[in-house]
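Line by line, the protein sequences are chains F, U, Z and A. Each residue of the first sequence is one higher than the last, beginning at 1 in our numbering. Each residue of the second sequence is one higher than the last, beginning at 148 in our numbering. Each residue of the third sequence is one higher than the last, beginning at 265 in our numbering. Each residue of the fourth sequence is one higher than the last, beginning at 839 in our numbering.
Please note: incorrect hints may appear among the correct ones.
Computed far set for chain Z versus chain A, every beta-carbon distance over 12 Å [claimed, not checked]:
| id | residue |
| --- | --- |
| 1 | Y350 |
| 2 | E354 |
| 3 | E358 |
| 4 | T469 |
| 5 | D718 |
| 6 | A765 |
No more than 30 Å apart at the CA atoms, straight line, and that leaves these computed lysine-lysine pairs for DSSO-like [as the list claims (entries may be wrong)]:
| id | chain 1 | residue 1 | chain 2 | residue 2 |
| --- | --- | --- | --- | --- |
| 7 | A | K882 | A | K843 |
| 8 | F | K15 | A | K843 |
| 9 | Z | K744 | Z | K837 |
| 10 | A | K855 | Z | K708 |
| 11 | A | K843 | A | K860 |
| 12 | A | K962 | Z | K411 |
| 13 | Z | K708 | A | K843 |
| 14 | A | K955 | Z | K357 |
| 15 | Z | K539 | Z | K388 |
| 16 | A | K955 | U | K235 |
The hints are simulated quantities; they were obtained by calculation from the structure and are not laboratory data. Note that the structure is predicted; figures quoted are calculated from it, not measured. All C-beta atoms, glycine included, are put in the ideal place defined by N, C-alpha and C.
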Amino acid sequence: MTHAVPRVDAMKPSKPGPTRTAPPRPPDKFPGGGRYPAYLAFGACGAFLMISASLLTRGIWALGNGEAAWDAYRAGLGHPAYLVYHVAAFLGLTWFVLRLFRLFPATQPYRIGPLKRPPDAVLVAGLYGLFFTVLAVGTLFLGGAML
Amino acid sequence: MLKLEPVIWGLFSGGMMIGGILLPVYILVVALGGGFGVVDGQALGYDRVFALATNPIGSLVLVAAAALPLWGGAHHLRHLWIDFGGLKSDGLVGGLFYGAALVGSVYAVLAVLRLHG
Amino acid sequence: MVDVTRHDVVIVGGGAAGLRAAIAVSEARPGISIALVSKVYPMRSHTVSAEGGAAAVARSDDTLEMHAYDTVKGSDFLGDQDVIQYFVEEAPKELTRLEHWGCPWSRNDDGTVATRAFGGMTTKRTWFATDKVGFHMLHTLFQTSMKYGDIERYDEHFVTKLLVDGGACRGVAALDMRTGQVKAVLGKAVILATGGGGKVWPFTTNGNIKTGDGMALAYREGIALKDMEFVQYHPTGLPGTGILITEATRGEGGYLLNSEGERFLTTRDYGVGTKAELGPRDMISRAIMQEIAAGRGIKIPGKIGEYAHLDLRHLGEEKIMARIPFVRELSRTYANVDPVHEPIPIRPVLHYMMGGVDTDIDGATEIDGLYAAGETACVSLNGANRLGSNSLTECLVFGARAGAHAVQYIAGSSGGEEGPLLRQAEDEAGRVEALRGQQGGGEKITKLRESMNDIMERGTGVYREQASMAKANTEIAELKGRYEQLSLDDPSKVFNTEIIAALELRNMIDVAESVALAALHRKESRGAHACPDFPTRNDGEYLHHSLVYYGPTGPRFDKKDVTLGVWEPEERKY
Amino acid sequence: MSEVKKTIVVTRFDPDKDEVPKTQSYEIPVQDDWKVLEALNYIKDNVDPTLSHRWSCRMAVCGSCGMNVNGEPKLTCKDPISSYGDTIEVAPLANFPVVRDLVVELEGFMDKFKAVKPWIIAAKERAAEEGTHRQSPDELADFKSFSMCINCMLCYSACPVVSNEPDFLGPAALALGHRYNQDSRDEGADERNEIFRDEGGIFSCSYANECTEVCPKGVNPSGAIQQAKLNNVVDWAKSFVVPRRKSS
Ligand SMILES: Cc1cc2nc3c(=O)[nH]c(=O)nc-3n(C[C@H](O)[C@H](O)[C@H](O)COP(=O)(O)OP(=O)(O)OC[C@H]3O[C@@H](n4cnc5c(N)ncnc54)[C@H](O)[C@@H]3O)c2cc1C
Ligand code: SF4
Ligand code: F3S
Ligand code: FES
């Protein structure tokens, strides 16, 4: 087993114990093994959230600057670097949301208000349905297929 | 920062959900559809988009999609930093991420407000 | 010099009895200083594994008198009736207290506490929290105990000796497992709550820590062990591991079947009458053994021994998951059987010791200032056979009473000199030091333990023949000699579990000795003590408690009257 | 019963002899229906009595036998040996100081455990004579799953935040606090929420969800913590409307 650098104070007692202890090792599979890569990738998707939201804001700002600025913004999005980023961001965020929704039911209490929480499968199906519906309807609408 | 955790977490979890749902639409249609030229130019033309964006509902959606994900992202990145041993610099790095989210949110709100003249 | 710490009350054991006692002491007199010494962190105590429930009258169709009578009859008239009376009165209050402290008792739809049927009880009076009752009770008690600032814990401290001077017990010597050092933990009173000793036998529901330590500690100080011949075989343990499948399975409606698929408790006469599967444990265990002896046992390929089946299939998945989900988890994990679809293989397994340190109704022993409660004690509630679900309640009722009495006792005690106690602790430290890594005559812990297990299984099983009991007595005596020749391999200090195992083995051998002697003396069949040579109960000669005293050259037998009262002995038929 | 040989690679550490933990291999015969704990007990009883590990109930309820098996936190008395290949690595739980061999330091956990005030807090104590509370099956279900924790600490061994934030109360302790907050008999939520919102409380959890993944008892501490977060957000929002009750 290869152990990463020990973090000397994890789970340290408030009073030092009476005998010497070996320092704790971090979880054996962290960061590259087990489920950790997925969790870390999930966290890293935060970058997509921040960057894409900023790019969206830039677009809104351009929109406020008039037609020429808006067209320039749109043209800019055709740059290969943007295209690569956006393919990655789209895939990343979709995976991100689906993971979030898959984990979501377990975070819900037994009762939500007076209602019993629906079975996990129902909740997940509902959330996945919501995501894909918004994606489909939003795309068709925004893309002009549903004017 | 501590006393604000519930606020930030509220924004964060809202941000994850809303950002996660809305941003893919924007990316798919505007960034990719437009970028690859698949989506009809008319649909993303200035007039239509401006009309949509200044519609009250459209404006709200825009603010939500442009501001909230910043908090979700900032929160995730801050924790990622801690996961790799960055607790010592949490004040600084966390401050930077949340600061950026705050600035970005203000910017987003202004950008939308500006559309309304 | 040994480390010395001083308290008012020292409690040995952090199971249900010990924790309840600690809280009782703390509540009786806030500010009093309590040491809670336990060889494992309290939430690991074996109370944690109790599954089925705790008995106390709760329903309107039930009465204290009925609970008392069931207990008297269950004990085969060997329980003390004053003790039983007190027990049934306190039981509902104790379980209610636990409810106030947060115990997640299962509920009826109207929000009242739910109760279930249990063996030998006339009506549903067993409170339960699904089928993890001991777990929930223990955790509730432990967590609640944290609220009392006066309780100082000595976790993972193994008590090796009681410090007794001038006829009074005023502390313990405890081996701090972390450092390997013996400490003197002094107090004005000591309460033993160290649980039972099922590990004396090879096939048991008991966990690794149940080694009868408290019984042996008191025994070696000259206190009698009472009614030790009565050990309970639970009818339904998983083959191989001995893991318990709770009686609640039968309380909820499960059937016992033989190899022919026959519900033998209803078709043949085993004395349980219409109670069938809800008969008392001693009778049902014997019924299973007789079915096996008659060739109607079930053989599991590749395993030794034969078994019966516990069939829950007709209860349905929903009820199983609502009432006994842990049984399903255990059956799946440890027997590879899903009770929703298949019957569970089971056989009688050693479960509980009715006997223990002789105490009066206050938990007081023959030595001043020394109390005992819980499974380690014999307050004579259970007599010759305990009714399932009475013992968890017993831990609460008599843990609390011992605690309250200890507080009264110390108010009137002037203490005494520390010198002699410290000298004893010093000597004890020397003895422990000598044992650590001792290069003796080549005997090994594992071997001796196996021999002891074997002797006790042959000598004190479900059925006891005179010849095999006599043999067990001589063999245990031999074993004591072999123990002196023990060789250990681990000379290290920090968390040396080998020396703990050696100390536990010595305790178990002492307990075994007392069981073997008491069993040999009881030439009748009563409750859990079934002798084919003397198949009936003999009230004329044996309506008495048996006492075994420690002696350097061998144990000594004595007896003591049973406190009768309302109910005169009668034939025990269900 | 088929018997095969397997190599058990065990972490050894005696603070009086060893500077750092090392490993030791034992090749032993194992039966295919064994749990990993039985292999350790076999070694202890028959090969090397100097090996130290904690165990008691061998029925997955006392919580003492948690260890990392092939890098994954496991309750060794529940973990079938047949699920592994010829070589099995058994190490003490990660994220804990090691006392000896497979025995870890528990005091840090006990501190955190106590910090969440895991007992019923009520304005007025009830006497036994007043009888039990009424609690509906639904009210019971609101907290029941969170009361199933056996304190085995597998979750601590897997949580990445525990490795990095020494003050993090951690999954089991926070789930326990939440368990009491959700109990209809308890009135201590305000008190506990203050602790929850403090440094090392619920907001340190980054929702790695490892705790829920490795928990052998289905406690779902991750869910408990996320619920507690939401409750605190709601609580915070409400504090603008109604001033919070001062806790004693
Ligand atoms: C599998 C199983 C299921 C059961 N189910 C039920 C049931 O459904 N209903 C019922 O009523 N009863 C049941 N019982 C019986 C009941 O659980 C026990 O009798 C009861 O829990 C005993 O509690 P206790 O406090 O006396 O001892 P324990 O809980 O065994 O605690 C003993 C304590 O003493 C400490 N200790 C022991 N020796 C030493 C030493 N040398 N130094 C320091 N500390 C020491 C231990 O660390 C521990 O803290 C069951 C028993 C088993 C084994
Ligand atoms: S939450 Fe689960 S994994 Fe964590 S200590 Fe409790 S039982 Fe173990
Ligand atoms: S693994 Fe740790 S980060 Fe949170 S969800 Fe569980 S406590
Ligand atoms: S030995 Fe008790 S949980 Fe494994």
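* Asked: Are the Cα positions of K843/A and K860/A separated by 30 Å at most?
  -> Distance ~22 Å between K843/A and K860/A Cα, so the pair holds.
* Asked: Between K962/A and K411/Z, is the straight-line Cα distance small enough, at 30 Å or below?
  -> holds (15 Å)
* Asked: Taking C-beta pairs only, is Y350/Z more than 12 Å away from all of chain A?
  -> Holds, because the least Cβ-Cβ distance between Y350/Z and chain A comes to about 15 Å, which exceeds 12 Å.
* Asked: If you draw a straight line from the CA of K855/A to the CA of K708/Z, is it 30 Å or shorter?
  -> It holds: about 25 Å lies between the C-alpha atoms, which stays within 30 Å.
* Confirm or reject the statement that T469/Z sits farther than 12 Å, beta carbon to beta carbon, from all of chain A. => violated (9 Å)
* **K955/A paired with K235/U [C-alpha distance capped at 30 Å]** => Answer holds: K955/A to K235/U is near 28 Å, not above 30 Å.
* To do: Just double-check A765/Z for me: nearest Cβ-Cβ distance to chain A has to come out over 12 Å.
  => With a cut-off of 12 Å, A765/Z comes too close to chain A, as the shortest Cβ separation is near 8 Å.
* Asked: Does K882/A pair with K843/A here, judged by a C-alpha cut-off of 30 Å?
  -> This hinted pair holds, its Cα atoms lying about 17 Å apart.
* To do: Would you mind confirming whether the straight-line C-alpha gap from K955/A to K357/Z stays at or under 30 Å?
  => Holds, at about 25 Å.
* Asked: Hey, does D718/Z actually stay past 12 Å from chain A on C-beta?
  -> Nearest chain A Cβ is 15 Å from D718/Z, so the label holds.
* To do: Quickly compare the C-alpha distance for K744/Z and K837/Z to 30 Å and report which way the hint goes.
  => violated (41 Å)
* Asked: Do the alpha carbons of K708/Z and K843/A lie within 30 Å of each other, as the hint requires?
  -> holds (24 Å)
Figure legend: structure checked against the earlier numbered hints; hints not met, in rising order: 2, 3, 4, 6, 8 and 9.
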